[in-house]
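Asks: Chains E and B supply the protein sequences, listed in that same order. When the letters of the first sequence are read in order and numbered with the numbering used here, they come out as residues 1 to 291. When the letters of the second sequence are read in order and numbered with the numbering used here, they come out as residues 1 to 308.
Because the hints were derived from the structure by calculation, they are not lab data. Each residue gets a CB set at the ideal place from its N, CA and C atoms; glycine is no exception. Incorrect hints may appear among the rest.
Covered stretches of chain E (in silico footprint by chain B; criterion: 3 or more residues with CB under 8 Å from a CB of chain B, positions within the stretch not fixed) [said to hold, decoys possible]:
1. 119-133
2. 139-146
3. 170-181
Here are some chain B residues the structure puts well away from chain E; computed CB gaps all over 10 Å [as the list claims (entries may be wrong)]:
4. A20
5. A60
6. E126
7. C255
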Amino acid sequence: MESYEARIHSGFPEGKPDVSDPRVLAWLIRRSGLEMTHLSRGSHIGSVLSVAEIIAVLYTSVLNVDPKNPKKPDRDRLILSKGHAGSAVYTALAETGFFPVEQLKTHYANGSSLSGHVSHKGVPGVEVSTGALGHGLGIGVGMALGAKMDGADWRTYVVLGDGECDEGAVWESALQAAQYGLDRLTAVVDYNHMQSLTTVEKTLKLEPFEEKWRDFGWRAESIDGHDTESLKAAFARAKENAGSGKPYVILAHTVKGKGVSFMENNILWHYRTPQGDEYEAALKELEALRP
Amino acid sequence: MRDAFVRVLTEEMERNDRIALITGDLGFGVLRPLWERFPERMINAGIAEQGMVSMAAGLAATGRTVIVYSIGNFPTLRPLEQIRNDCAYHGADVKIVCVGGGFVYGSLGMSHHATEDMSVMRAIPEITCFTPGDPAETEAVTREMLRRRGTCYLRLGRGNEPKVHVSEVKNWVFPKALTLREGTDIALLSAGGILTQAMDAAQRLEAKGISAKVISFACLKPLDGETVREVLAGFRGLVTVEENTVTGGFGSAVCEIAAEEGSGCRVRRVGLRDCFATVVGDQQYLRQTYEMDGAAIAAAAEALMNEK
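Same shape as in the complex, but just chain B:
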């Protein structure tokens, strides 16, 4: 996803000389092509994220689209008030980009687990939040984000994720959710890079004779409520999947609609259950330990199917 983002950004910076990028002293290898190509529009803010985000708001006020690039919680939780007051309140054209959403930096420990950012960023008004599920979705939402004015949040995974979409996501209509797999018995609604696990779960369910639909919400906010309502009307059960706390994030957003709709569709949320990941391990190991890998999602779906 990271590489897809940099590829699209390079193209867009080539076309538009009013795009600048500020990094919080990160992205050594990843951003190198941009440093070489656009040295005058690349700014290293140092390890000073609060100053970085205020600066981004000020720079945007001079008629620029400003990308703020960092990893994990550093571009979100650390300068949260600067995002809220300086960027969102002013409608600043600042795009906060996080590499390493969820457990990407699993073994580095709790400080590097971005597992509340979706909930926190979603709560702030006037921020559009993108949560692409694979490199193809990343390309589509990055283009959309750079077309839109105003403050946005883009939550990426790492580099070299597998593609889930078999081809490019063409003509994506903001903020529509994308169906990856049709199914009739249960729906798996996913937001972010954990999409691979939702797909894996669908395969496991298929082996058990359960037909699961998989939908990726590449835009967390505004959420595609129309698609959620269609699922609520068409299925007896749905499972939300996110590499984020189940408190206030994607699953919560779906539940808000479900509660207001009052449909008979039952919901289960897969995600981190209001705890810190204290076990040491890589991304997949932590997904498994904290019950959000393909097997755990399939188990949650199956349990839901078996409920009366």
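Pulled out of the complex, with its shape left as it was, chain E reads as follows:
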């Protein structure tokens, strides 16, 4: 039987994708996200598809991390605060060598380490387990504060959901980050404009969103969260921000379900699992997008 890895990597020259290219890694995140939610009958494929480029750019072009030494003291810390997009991070870690790609097929499975919401237990490269929203930014504030107290250079990155920003705890942490001048802390919001039941705008409006962050003492910018070059440039500006005394937030405008036409901006695909004809149709669309 064909291995999981062979199935995901088929179609690349010699079955070996160049995972140092963020567009390739983003594609693999989508492809594996589809496969993992298909095999497990799991949910949140819409979020995985929206966050794909953000995670891919972080792992290819931003984070100082080493798959051979996942706990090295001076590594950058990434916290996926929107833990339900866990399969995106699992894929990035597996594809960049933290653990075997083959393990991804155990996502959600009985006895696996790869829970639906991202977990650090038994998964090299994951800093913290999340899943309850509104926790990740606070943990990141603590890490960035610790680095600052130690005079260390490493950085802390926190990926938030837009719906997650309904949580009051996010704004407690936003105030605290600004108060302590954590300019090596970067937050990225996967701003896909949809949450669990309907759009962000029909749930709790976040706009004017950039201004909100600025009013809380952050530097903020908005970009196209599917354009890997824009993401790279934004992360570079966030890096240069060290010394400003202010934390940095990137509002990455994305499309929920990006890459599969019938999933895009369709609330159904927050929970729905891709099976049967839908799985085949989604696979066909993704194959057509292979970089």
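Assemble the complex: chain E is given as a structure, and chain B must be docked to it using the hints.
Replies: Showing chain B alone in chain E's frame:
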């Protein structure tokens, strides 16, 4: 207890520069010596307890022991999910410290009565819960807590409690219960600052010719089951005493062991009986009103003795 805690913490912070403290905008007078001495390791999180506890977990992940300091229910019930997910699940070296366990802030009203924290914190896995009964026990458990890695909860009373132990608690062996008074007829098992009332009850019982043993459980979790089993085997009756709801707290923990042991020892639980304290009053007044002062404990013990 508060002052004993600050005294020990000051010593330990002097010795270990990896201890930091985060306060939820409280402890103005109490923490002042620490602010003056270690300004770079003292953090005010503001009135934002959820952010405070997540931050503590993150700060602990940078190789620190982090004390989270607040009063009443603010460091426990408010950020409970952050304690469970961010601290306990990650084995974060975070020490949650509550000043004002029970009715310490009695007259301030229900919001400030910490009367479920022992039950709630005990229910979360991988948290060590300390419930010292007096300043001497506070010193001992604070030292132990700062030696241990991982998430802990320390429930304190107020400042200026009377000492119950006549001298320091030396060489305390975690998590052993401490016997304050020997007795043969009945045992009073106490957890937390209500120990003074258990001692008072023992004196009242003595006047009636009943000999009561008093044991303080300065560690609620893990509970010293060995001592509980000795009491179950050696006494016909025991009374548990806590300034906390009788639901799920110390008394429940003792009953869990008693039920599993199947001993003939009968148990009565003294504590808040699944209700809110709605009467206005100071700590002692509320203890009396809700039947957990010395007289009420003695009455419960006597009634138990008289049962066939």
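Asks: Among the hints numbered above, which are violated by the structure, and what are their numbers in rising order?
Replies: 4 and 5
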